[in-house]
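Please build the complex by placing chain V on the supplied structure of chain H, with the hints as guidance.
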Amino acid sequence: MRAALSRLRVVREPNLAMTARALEESAEGPRPLVPMAGGTDLFVYLNAGALPEQDYLDLWHLDELRGVIDTPGGVRIHALETFANLRRDPLVKRRYPALAEASSWVGARQIQNRATIAGNIANGSPAGDSLPVLLALDARIRLVRFSAPRDVGFDTFYTGYRTSVRHPSELIHSILLPWPLPGTRQYFRKVGTRLAQAISKVVIATTITVQKGRVTRARIALGSVAATVVRVPSAEDALLGEKLTPAAASEAARRLRESIHPIDDIRSTAAHRLRVAGRLVELAVADALR
Amino acid sequence: MVTRSPAVNRPRSIGRSVPKKDAAAKVTGAALYVDDLSPEGLLHGATVRSEIPAGRITRIEFDSAFDWSQVTIVDHRDIPGNNCIALIEYDQPALVENEIRHADEPILLLAHPDREKLQQALRAVKVHCEPLEAVLTMERSIACARLVHATDNVQKRFLIQRGDLEAGFARAHKIVEREYRVGHQEHLYIENNGVIARMEADGSLVVEGSLQCPYYVHKALMHLMGLPAEKVRVVQTVTGGGFGGKEEYPSMISAHAALLARKSGRPVKLIYDRMEDIAATTKRHPAIVRHRSGVTEEGELVAQDIDVIMDGGAYVTLSPVVLSRGILHAGGPYRCPNVRITGRAVATNTPPNGAFRGFGAPQTLFAAELHMDHLAESLGMDPLEIRRRNLYRLGDVTPTGQVLRESVSASECLEKAVKVSGYVKRRKALDAANRKALARPAGKGPRKVRGIGLSLVHHGAGFTGSGEVKLASIASLDLSPEGRPRALAASTEIGQGTVTIFSQMIGDALQVSHDLVEVAQPDTLRVPNSGPTVASRTCMVVGGLLSQAAADMRARLLEFDPRGWSDDRSFRKLALRHLKERGALRIDRQYQPPSGIEWNDDTYTGDAYGVFAWACNVIEVEVDLDTGDARPVEVVTANDVGKAIHPRLAEGQIEGGVSQALGWAILEELRWKDGRVWNQQLTNYIIPTSMDCPPMKVIVVENPYSGGPFGAKGVGELPMDGPAPAVVAAVRHATGQWMDEIPISPERLLEKLARLEEALT
Chain H
262 MRAALSRLRV VREPNLAMTA RALEESAEGP RPLVPMAGGT DLFVYLNAGA
312 LPEQDYLDLW HLDELRGVID TPGGVRIHAL ETFANLRRDP LVKRRYPALA
362 EASSWVGARQ IQNRATIAGN IANGSPAGDS LPVLLALDAR IRLVRFSAPR
412 DVGFDTFYTG YRTSVRHPSE LIHSILLPWP LPGTRQYFRK VGTRLAQAIS
462 KVVIATTITV QKGRVTRARI ALGSVAATVV RVPSAEDALL GEKLTPAAAS
512 EAARRLRESI HPIDDIRSTA AHRLRVAGRL VELAVADALR
Chain V
780 MVTRSPAVNR PRSIGRSVPK KDAAAKVTGA ALYVDDLSPE GLLHGATVRS
830 EIPAGRITRI EFDSAFDWSQ VTIVDHRDIP GNNCIALIEY DQPALVENEI
880 RHADEPILLL AHPDREKLQQ ALRAVKVHCE PLEAVLTMER SIACARLVHA
930 TDNVQKRFLI QRGDLEAGFA RAHKIVEREY RVGHQEHLYI ENNGVIARME
980 ADGSLVVEGS LQCPYYVHKA LMHLMGLPAE KVRVVQTVTG GGFGGKEEYP
1030 SMISAHAALL ARKSGRPVKL IYDRMEDIAA TTKRHPAIVR HRSGVTEEGE
1080 LVAQDIDVIM DGGAYVTLSP VVLSRGILHA GGPYRCPNVR ITGRAVATNT
1130 PPNGAFRGFG APQTLFAAEL HMDHLAESLG MDPLEIRRRN LYRLGDVTPT
1180 GQVLRESVSA SECLEKAVKV SGYVKRRKAL DAANRKALAR PAGKGPRKVR
1230 GIGLSLVHHG AGFTGSGEVK LASIASLDLS PEGRPRALAA STEIGQGTVT
1280 IFSQMIGDAL QVSHDLVEVA QPDTLRVPNS GPTVASRTCM VVGGLLSQAA
1330 ADMRARLLEF DPRGWSDDRS FRKLALRHLK ERGALRIDRQ YQPPSGIEWN
1380 DDTYTGDAYG VFAWACNVIE VEVDLDTGDA RPVEVVTAND VGKAIHPRLA
1430 EGQIEGGVSQ ALGWAILEEL RWKDGRVWNQ QLTNYIIPTS MDCPPMKVIV
1480 VENPYSGGPF GAKGVGELPM DGPAPAVVAA VRHATGQWMD EIPISPERLL
1530 EKLARLEEAL T
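Going down the list, the sequences are from chains H and V.
Heads up: the first sequence runs through residues 262 to 551, numbered per my numbering.
Heads up: the second sequence runs through residues 780 to 1540, numbered per my numbering.
Note that these hints are calculated values from the structure, not bench results.
Since no wrong hints were added, every one of them can be taken at face value.
Cβ pair distances, simulated, as ranges:
hint, chain 1, residue 1, chain 2, residue 2, range
1, H, PRO351, V, ARG1450, 40 to 46 Å
2, H, GLU314, V, ASP1453, 26 to 32 Å
3, V, GLN1371, H, GLN371, 48 to 54 Å
4, H, GLY290, V, PHE845, 25 to 31 Å
5, H, PRO358, V, ASP842, 53 to 59 Å
6, H, GLY290, V, GLU840, 31 to 37 Å
Mimicking DSS-like on lysine-lysine, the simulated pairs with C-alpha atoms at most 27 Å apart in a straight line are:
hint, chain 1, residue 1, chain 2, residue 2
7, H, LYS473, V, LYS1223
8, V, LYS1223, H, LYS504
9, H, LYS504, V, LYS1227
10, V, LYS1249, V, LYS1010
Backbone N, C-alpha and C define an ideal beta-carbon position, used for all residues, glycine too.
In isolation and in its complexed conformation, chain H is listed as follows (with noise of 0.2 Å):
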């Protein structure tokens, strides 16, 4: 452990409105408070004495910040709600098989009991597993502060490598998924360097919305490919109005290709990426022929 863990400090307040207040006066002094959910990725970065000594707000035992509840715009996922839930939940299971298929692909069972979907929002890594997914969907962040909430698109959310939106006053309350549209087909393709304990290569979910044998919708969302997850509104543009056919799907991934510019970095290279990215995006418009 390379970072000095006696010089941590956290804090943990009683209950959620006393947490917001909690974060939102740290805001404003010189050492702002860092909200903490499972700290799986934070682990890692103090092992390697990778972060500047910085205080800590530990949410963990808010249950106020948990379910999956049901309402009528869509399934409400409170922040706490952990990848082993969401794989099992089943109402996420049936309405979003996407997000249930990412959440099984997050690192691997014990990172998946304590890593949260908020931590996975709110550490904003470009290759976090289920943040395409949440941009496919058309996910909406509630973001709180002790003195109001406030919603917020997930298309939105990141303004550019690992920053948001998100005021340092702010906590991730909840996501919304609002209800898919009827004949949205999902996909969801990890390509990690490995089968589990892995980070992606590229990452990649879609929805897709077929009516009378056309596309009248389609998301296209990657990771791994750029600062940010991203969507690739040309390659969307390519299906629109389109049968599913081996030709929309090739020009879709032409597309794609041509609007990325993913990097080299420590895990693959950005030819590799290019071309499997394209090669996803043939393998989901494929997935929803089904």
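Just chain V, lined up with the frame of chain H:
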């Protein structure tokens, strides 16, 4: 005179999978590893390392804002003896004096009572350097881009010659020439390197830690500290894996802890975290192997011209012996009358590469096996058939002129693995399935193809050539004060089962239960030098000495009381009586080479090994044509180990070795950035998890060796040798692509496949 044989009804434990003796303590957490130990007054140590691969130190700056009063600081001037880690050559300094020869080379040592403060102290030291041109690849080293070793950057050369190469090529119907490459590999033992050192009041030094070879550390510390043998004591603590990674490196970390302990006058614990361990410690040698060989129309191998280059890294360390084993296996398990094998270990500005399971043989066998496949292909022959025609049989002669006199199982291993895997039928079935899969256009769903490949390997048992004779190992057996037989040997338990198999062998020889037998903790104060725990020699060589000692002890006890014993209780009674009436009983046995073994180090001819172990791997691989991922889906592995003393442990060694080899073949790639290891973490140095390891059918073949205890030949390294070329052969079968360089990363494979597809469309 023995008048009566003691009871012989006891079931022998050899060949039975008795409970592993160290298992309970390890699974319950009772076993104490070095980081669990905290002697009073302990300081924690840390190492300031170079951040560049080559350069000269101009200035070392200590941040004046930091409180240095409690920090012990050691540099090369604090070394009382010679500033070197004594191994084969004495070229590697314990601490850099001026010239930095590789990244993460140790420069300064720090110790502090508090681990967190120590981390801050590390950050408060700045080493200023004037960089030199770094030689980071074998090609640059050979081109002498800059001299980093001697006058030609070559650390060691070897030549093996047999027959008439030109005449051989003249007979050839086909001549095939190719180059093969393998990369670094990290051992990734579960427990990182770590030791504790302390100075005793009488000026002697004690080092305890996680290590494979107590006497290597002992020798290095004598030179470094200028101490006589009796003033240096090295003790092995419970060790979480080694794989060769704790063969020579512990001498370095022990040296550092010892220097800090000497200067501070306090015990010092030096434990690497994973990042430091991956960045600074040894790796498997990368290699470039070039083959030019000739075959007749019938597939008979008539000429092999092989050149082996290994990357030794910045210092010589063990590279000469790794290279030696590499070239001695470079021809593969095949008879060939005309052979030339040349080998070079070259110096680069990278951390020294070192011992790793297989010790040079996996690198050269990879090339040899792939080359057999290329030869077969040049003839339109099945890979199985060309092997059947050339594999070593009893009486065949190796490139060094060694006549294979016994325990030759190439054919048996090959035929067993082929039969169990259904290789012939499966290969045909996959051919048909793949044609269908490949005909399917992209965009119509996932496309996967499968292939099946095989490899055949041999592995020389024990030390090379005259190595065992030079070592002249001694192992002892005495009676403990409780009247139990007690093994005294420097052989370490590193998870592989040393303690259990020693107990089995001694127990059977004495006709007591293996539970009664004690195996002393390896401690240079108490145990004789039975040599290092390496080279698959623990069971065959040291186990052999202990078995002989046990037979001697039995005779001595029967001489003392001819009535003998019938069970553990009566043995102890008799033993205690012996201790009381006659005093201590201790039997020392020293290694004697089997008769008829001759080796010439100057000409590199003769019996390179007493015997060889053999293995055949048949591996089926599935390749995802959309992602380039190659995944092994089934492994059949037949291994002739002579005799499996403990079948379950032998199978475990085989499964573990195969998994490690699969990682090397497919997943594991050391990445470099500015001459430093870039992927230093478990999240980015990718080894297989249980999810990535396919089901394995392990076949243990037992073709006994007359020179090994109960016929045993060793199993530790053999399973590392064969899987990689079998995987490449399977990928070739699946995709039509030859991957002559490993790892077969998805990046490389997909690139090749995509180029092919683009060329077709």
